[in-house]
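Combine both chains into one complex, guided by the hints.
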Amino acid sequence: MLWVWILIGVVVVLGIVLALGYNRLVRLRMEADTGWANIDVQLQRRADLIPNLVEAVRGYAAHERGVFDEVTKARSALQHAATPGAAAEANEGLSVALGRLFAVAEAYPDLKASENFLQLQDDLTDTEDKISAARRYYNSTVMHFNTAIQSLPWLLVAKPLGFHAKEFFSAEGDIAPPQVSFSPAT
Amino acid sequence: MTLQEQIRSNRFRSAIVVFGFALLLLVVAGLIGLALDVSLGVVALAIAVVYGLFALIRSRSMIAGMTRAQPLGPEDLEPLRRLVENVSIGAGLPVTPEVRIVDDEAPNAFAAGLRPQKSYIGVTTGLLRTMPKRELEAVIAHEVSHIRNRDTYLMTMATVFAGVIALIADIGFRAIAYGGRSRKAGALVAVLAIVGFILAPYAALLLRMSLSRRREYLADGGAAEILSDAEAMALALRRLGLDSTSVRYADASTAHLWVESPTDRVDSERRGVLVLSGWFNTHPPLDSRIQALEEAGGFQLPQRLSVDEPFAAELGLV
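In order, the protein sequence lines correspond to chains A and B. The letter at position 29 of the first sequence is residue 29 when you use the working numbering, and the numbering goes up by one with no holes. The letter at position 282 of the second sequence is residue 468 when you use the working numbering, and the numbering goes up by one with no holes.
Honestly, the hints are just simulated from the structure, not real lab data. A hint or two may mislead.
Mimicking DMTMM-like on lysine to aspartate or glutamate, the simulated pairs with C-alpha atoms at most 25 Å apart in a straight line are [as the list claims (entries may be wrong)]:
| hint | chain 1 | residue 1 | chain 2 | residue 2 |
| --- | --- | --- | --- | --- |
| 1 | B | Lys319 | A | Asp126 |
| 2 | B | Lys319 | A | Asp123 |
| 3 | A | Lys112 | B | Glu500 |
| 4 | B | Lys319 | A | Glu128 |
| 5 | A | Lys112 | B | Glu264 |
With the rest of the complex left out, here is chain B (with noise of 0.2 Å):
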């Protein structure tokens, strides 16, 4: 698949999570005003509407609040906003998107943004301190494929519909249990709209989660094309995967931006319990995404880690 054939196909989702999202959100409203009234659900589904708007218009500072990102001075960090300008024009993007740094000892980065020519790429400080150079420059290229496949905007307009159902039905939720006294419909309907409101976040997640966990494969693939080198991808992320530190401001509505899933704790042990629950992963298992690099590079991953040193080094942080 070429990069403007993903591009496409990546629209293509985008229409359908919308129309999927859409109809999700008829469904709670609509059970709303089942259960209670018709006017209540009217009013509900306005604000939903309102604020996932609201959401879209201010998702980039919102995302920006929810991890913690700082942005940059003019002056700091120099070689490291050199080596995002380098992979961007290895990756052809018309514009350089901008560097925040997020103070965490975890090692992890993420990309955000609606439009390539507003994103930018959110960099851990544990990142820096843990990855030298080669493997830094292949997280930077992940997260500049997921801008440049317009990944970014898809999980942006998930992450915002998932939102606004869970705002939605939270509003059900609160109305049945302390409106009750408004409910004309009978006790069926009550307690089928409770239910309802219960599963319609899940709902949100499911459909939000399968989105993402195909693009980390081909992210990963973008970026060992950007920098023609499969093998530093796949080295990067097995040192992400020795690290097992979680990332402390990312929860369930972030989790998907980031390079390897900032939780990987709660994922593996879900795993275990229950196969269904891989589902909710927002993340492919690093195993499988470093075998698939193998494949398509045709090479296998040295047992020893290189000792070379961490790029915080050259930024005179350590």
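The shape of chain A in the complex, shown without the other chains (with noise of 0.2 Å):
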């Protein structure tokens, strides 16, 4: 009888073990999509901005078409975007295509100093910060994620039970954040 208890015990308790790094794996992936909703919703600011910032300058130069244009296909591409990846590299696009945009605002001294442009200015600097921001914490939830679906016993068992491996917030050419790994010196 004795191995029979001892049976059970064992399935008792790798019962536990499984169920704890279950409910460990759910929580990663939840903290990893809060982190993606969080940069969500900054990046949905950001998009938010661009109309009124590109109405501003169109009111001092309304014939630089081209920068325009370029602006305003770089928002619906980031609005579009489907996967973090995409939304990074949608998300750079966009910076290049605002660079080029201020740098034509540059040519008009009376645009520079309109309060209304300067407030967009500063609104959209601030969104960036956040979208950084954002990103550092999403990123670091993904790795913890991804590390831990990626790790044994959970490699063989993880897909099966619908865990997939996150995409990270960076464009290409990006390098992941290096991350600072702590143990208290007591």
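The structure is reproduced here in structure tokens:
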């Protein structure tokens, strides 16, 4: 009879370990999803600022049509990006287009001095800072999640259970930020 | 240790702290009961518990009062609030903590609040005047990590309990000193009780301090992770160390809340006299905190201080 009890004990312990591990994966995935939602909010905010900015510049430099088109296109690419990687690419693209828009604005002193334009520029910089903060958080949650599902024993069962590795929010050529692992000296 | 594990370990510690303080409370109440009168012990215990509950509920505004931290108006110091918001986003905090200003020349900062949703960060004007943006960000990130790790919860509990212990020990002490005639026990018990009343607040202090020092290393590491910039935190700590001004309205009851010891003169002088007194330091020495960051981040602080202009310039505060 003894071996039956040992067997039951082993099964119970194994079950508990698996349940705890599974919960941990679910929690890590949820953190990554929250991290993504944070980035999404800021990307949306950035996209929302663009039409006003384009209007502000158009008021002074109506003939610079090429730049406006480029910015508008980049904006819609950002709004239609389906994956974190694509969104990061599109976000970079928007930065490039905006760089050109601001270069155009340089030529118009009245525009540069206008209260509305300065405010928009300020908001945009702030949003960019927020995107990079949200990106740091998201990428670190993704790293924790990916590491968890790519290490044993989950490596074998993560996929069938529906855990798929997540994509970093980084454009091509970007390197994922170095992680500071910290164990306190006590 | 991942963040969630850290939070759970903090909850566990909180439970231990609560238990430890409850025990200490019972011991002191028991001493009063033994030395004087059982009913007096019960009354003292009741007063202490009611005071403790009240303090816990009011802790948010009490800490603000003790540190003289002023809330900001909706239009004030917009860049500072933006900075705090950005750091909170980087930390994944669901709600950005409120910012309060302590009008004090000593550069320092603290975090308070029982729940992350209702927390705030206090910043001295001295901090804004000394720190360049990058280092200020690191200090704020340090405070944000305290909030995220639930350290503020743990420390608020500890503060309140320490106050409760001090109160009940004081009641006991006075009762023996002035109400000696109702004493039924012998002189030995009375002496024992007096010794107990004197030692109890120190035991409470010791329990509290042992908690706060390790948290500082963790919060430094958290800040480095939030900003992906361990060097900024180390630079900020070094700059904090250069200034030895004490925060005016910081005393033993709020010392552990600040990013660096608000009364560092006292700390370092004590340390020279007696090794044991290091136990009562609320913060580990800045040097070892900087060293821990250097090891984790794999860098060496440059000898020279950066000459970036302080953030106060951006705020128009200079």
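Results for each hint:
1. A threshold of 25 Å between alpha carbons decides the hint, and for Lys319/B with Asp126/A the separation of about 14 Å falls inside it, so the pair holds.
2. With a CA separation close to 18 Å, the supplied pair Lys319/B and Asp123/A stays within the 25 Å bound.
3. A threshold of 25 Å between alpha carbons decides the hint, and for Lys112/A with Glu500/B the separation of about 20 Å falls inside it, so the pair holds.
4. Distance restraint check for Lys319/B and Glu128/A: the Cα-Cα separation of roughly 17 Å lies within the 25 Å cut-off, and the hinted pair is therefore satisfied.
5. A C-alpha spacing of about 22 Å is found between Lys112/A and Glu264/B, which places the hinted pair at or below 25 Å, so the restraint holds.
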